[in-house]
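Each residue of the sequence shown is one higher than the one before, counting from 87 in the working numbering.
No lab work stands behind these hints, which were simulated from the structure alone.
It should be emphasised that the depicted structure is a prediction, and the values quoted were computed from it without experimental measurement.
In this text, a Cβ means the ideal position worked out from N, Cα and C, and glycines have one as well.
Mixed in with the good hints there might be a few duds.
[To be verified] List of simulated lysine-lysine pairs, DSS-like, C-alpha gap at most 27 Å:
| no. | residue 1 | residue 2 |
| --- | --- | --- |
| 1 | 203 | 124 |
| 2 | 111 | 99 |
| 3 | 99 | 182 |
| 4 | 203 | 111 |
[Unchecked claim] The following label-pair restraints were derived from C-beta to C-beta distances:
| no. | residue 1 | residue 2 | range |
| --- | --- | --- | --- |
| 5 | 105 | 177 | 29 to 35 Å |
| 6 | 192 | 136 | 42 to 48 Å |
| 7 | 121 | 172 | 18 to 24 Å |
| 8 | 187 | 102 | 16 to 22 Å |
| 9 | 203 | 89 | 21 to 27 Å |
| 10 | 121 | 174 | 37 to 43 Å |
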Amino acid sequence: MFTQITRTGNLTKTPTLFRDQEGGKYTYASIACSRRFKDRTTGEWQSGPRIVYDVHVTGNLAAAVVDLASRCGNVALEFTGRLIEEADEPGTIRQKVYADNVTVSLRGQNVTVDRPKGKPRQGPDLAAEASSAWEEQAD
């Protein structure tokens with residue numbers, strides 16, 4: 087069984103890009119996250135426990151994460167994916183995430199987006215989809 091999660095955290099190191107037997111790209115990004123909360127008695131902000139997620143990223147998204155980390159170092163990323171807990175040989179539980187998406191967090195850092203020249207934007211055209219859905223409802 088798995089849980090869908092979204093977290094924001096910092097890369098702990100620059101990930102390495104790998105290729106599988108079919109030539110597909112993938113990487114494992116180690117991302118450290120901690121929750122901030124306000125202590126009710128003191129009113130001060132505290133950091134919760136640090137959790138490091140092994141985030142499995144595939145395809146062009148994997149290449150983009152590795153490229154970003156290589157150029158920019160320790161960046162804050164947000165990821166969404168399926169969380170699976172696995173126990174290793176000594177019995178330590180590791181939290182692995184199979185990422186559906188990875189984005190750069192704008193909190194506390196400046197970001198520049200470079201789009202490949204001559205390539206159309208990938209992914210759904212959300213504005214067109216929203217317009218179509220609205221028109222269908224109006225009929």
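A quick look at each hint next to the structure:
With a C-alpha separation of about 45 Å, the suggested pairing of residue 203 with residue 124 is violated against the 27 Å cut-off. With a C-alpha separation of about 19 Å, the suggested pairing of residue 111 with residue 99 holds against the 27 Å cut-off. At most 27 Å may separate the alpha-carbon atoms for a hinted pair to count; residue 99 and residue 182 meet this at roughly 16 Å. Note on residue 203 and residue 111: the hinted pairing holds, with a Cα-Cα distance of about 21 Å set against a maximum of 27 Å.
The given range of 29 to 35 Å is respected by residue 105 and residue 177, whose C-beta atoms sit roughly 32 Å from each other. Look at residue 192 against residue 136: about 22 Å separates their beta carbons, and that is not inside 42 to 48 Å. Under the hint 18 to 24 Å, the C-beta atoms of residue 121 and residue 172, about 22 Å apart, fit the expected range. The hinted window of 16 to 22 Å between residue 187 and residue 102 holds, with their beta carbons roughly 20 Å apart.
Between residue 203 and residue 89 the beta carbons are some 39 Å apart, a value that contradicts the proposed interval 21 to 27 Å. One distance hint, 37 to 43 Å for the beta-carbon pair residue 121 and residue 174, is violated here, with the actual separation near 25 Å.
When each numbered hint is compared with the structure, violations occur for hints 1, 6, 9 and 10.
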